[in-house]
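Read top to bottom, the protein sequences are chains D and X. Sequential numbering of the first sequence, starting at 16, is according to this note's numbering. Sequential numbering of the second sequence, starting at 16, is according to this note's numbering.
Among the hints, a few may not be true.
Since the list gives no way to pick one copy over another, a pair counts as held whenever it fits inside one copy or between any two copies.
[Said to hold, decoys possible] No more than 30 Å apart at the CA atoms, straight line, and that leaves these computed lysine-lysine pairs for DSSO-like:
1. K97 <-> K73
2. K97 <-> K42
3. K102 <-> K73
4. K45 <-> K97
5. K73 <-> K42
6. K47 <-> K73
7. K48 <-> K73
8. K45 <-> K73
9. K48 <-> K97
10. K47 <-> K102
11. K42 <-> K102
Hints listed in this document are in silico derivations from the structure and should not be mistaken for laboratory results.
Number of protein chains: 2
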Amino acid sequence: MNFINIEFFGYLAAFLTTVAFLPQLIKTLKTKKAEDVSLITLIMFITGVGSWIIYGYKISSTPILIANIITFILNLLILILKIYYSKNTR
Amino acid sequence: MNFINIEFFGYLAAFLTTVAFLPQLIKTLKTKKAEDVSLITLIMFITGVGSWIIYGYKISSTPILIANIITFILNLLILILKIYYSKNTR
């Protein structure tokens with residue numbers, strides 16, 4: 016009865032930790048501010064996600080690769096918007 | 016000359032994506048608000064990180080396990096603080 020296999024959790028995790036940053040991106044675009052979002056967190060997280068991409072590639076884990084590439088792009092967009100809005104509301 | 020091995024990137028990724036949420040936790044504690052942090056993002060991310068824990072356990076990846084357990088705890092604290100501060104500043 017092992018129909019929920021290993022890959023299922025990988026893809027569920029990949030889907031959730033990827034799609035999770037879309038509401039943050041939409042919220043930031045709507046409110047035109049991300050003051051409460053930590054800049055250091057964003058920079059460290061993006062660097063860390065970049066390292067997961069290398070790790071996922073090296074251990075040949077497709078869920079890790081897919082999830083982290085999209086997470087990387089979404090968080091980079093949030094970071095760019097945060098900096099842009101903080102400069103335009105000074 | 017292959018002294019930068021696979022596990023190095025796993026542990027670097029684990030370290031960065033874990034420690035990354037500490038500045039967010041400290042910022043939230045200091046400013047006593049996390050209004051700009053998306054609630055949906057936090058809930059989806061915590062659920063996703065929980066799935067990574069199951070996946071990491073099943074593929075026996077220590078970096079994935081360690082990183083995601085700490086990330087899970089830190090984000091749960093951020094979520095609790097966000098809800099607490101939003102209720103106490105109404």
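Evaluation of the provided hints:
| no. | hint | result |
| --- | --- | --- |
| 1 | K97 <-> K73 | neither (32 Å within a copy, 37 Å between copies) |
| 2 | K97 <-> K42 | both (11 Å within a copy, 15 Å between copies) |
| 3 | K102 <-> K73 | neither (39 Å within a copy, 45 Å between copies) |
| 4 | K45 <-> K97 | both (12 Å within a copy, 19 Å between copies) |
| 5 | K73 <-> K42 | neither (35 Å within a copy, 35 Å between copies) |
| 6 | K47 <-> K73 | neither (38 Å within a copy, 41 Å between copies) |
| 7 | K48 <-> K73 | neither (37 Å within a copy, 40 Å between copies) |
| 8 | K45 <-> K73 | neither (38 Å within a copy, 39 Å between copies) |
| 9 | K48 <-> K97 | both (6 Å within a copy, 17 Å between copies) |
| 10 | K47 <-> K102 | both (11 Å within a copy, 23 Å between copies) |
| 11 | K42 <-> K102 | both (18 Å within a copy, 20 Å between copies) |
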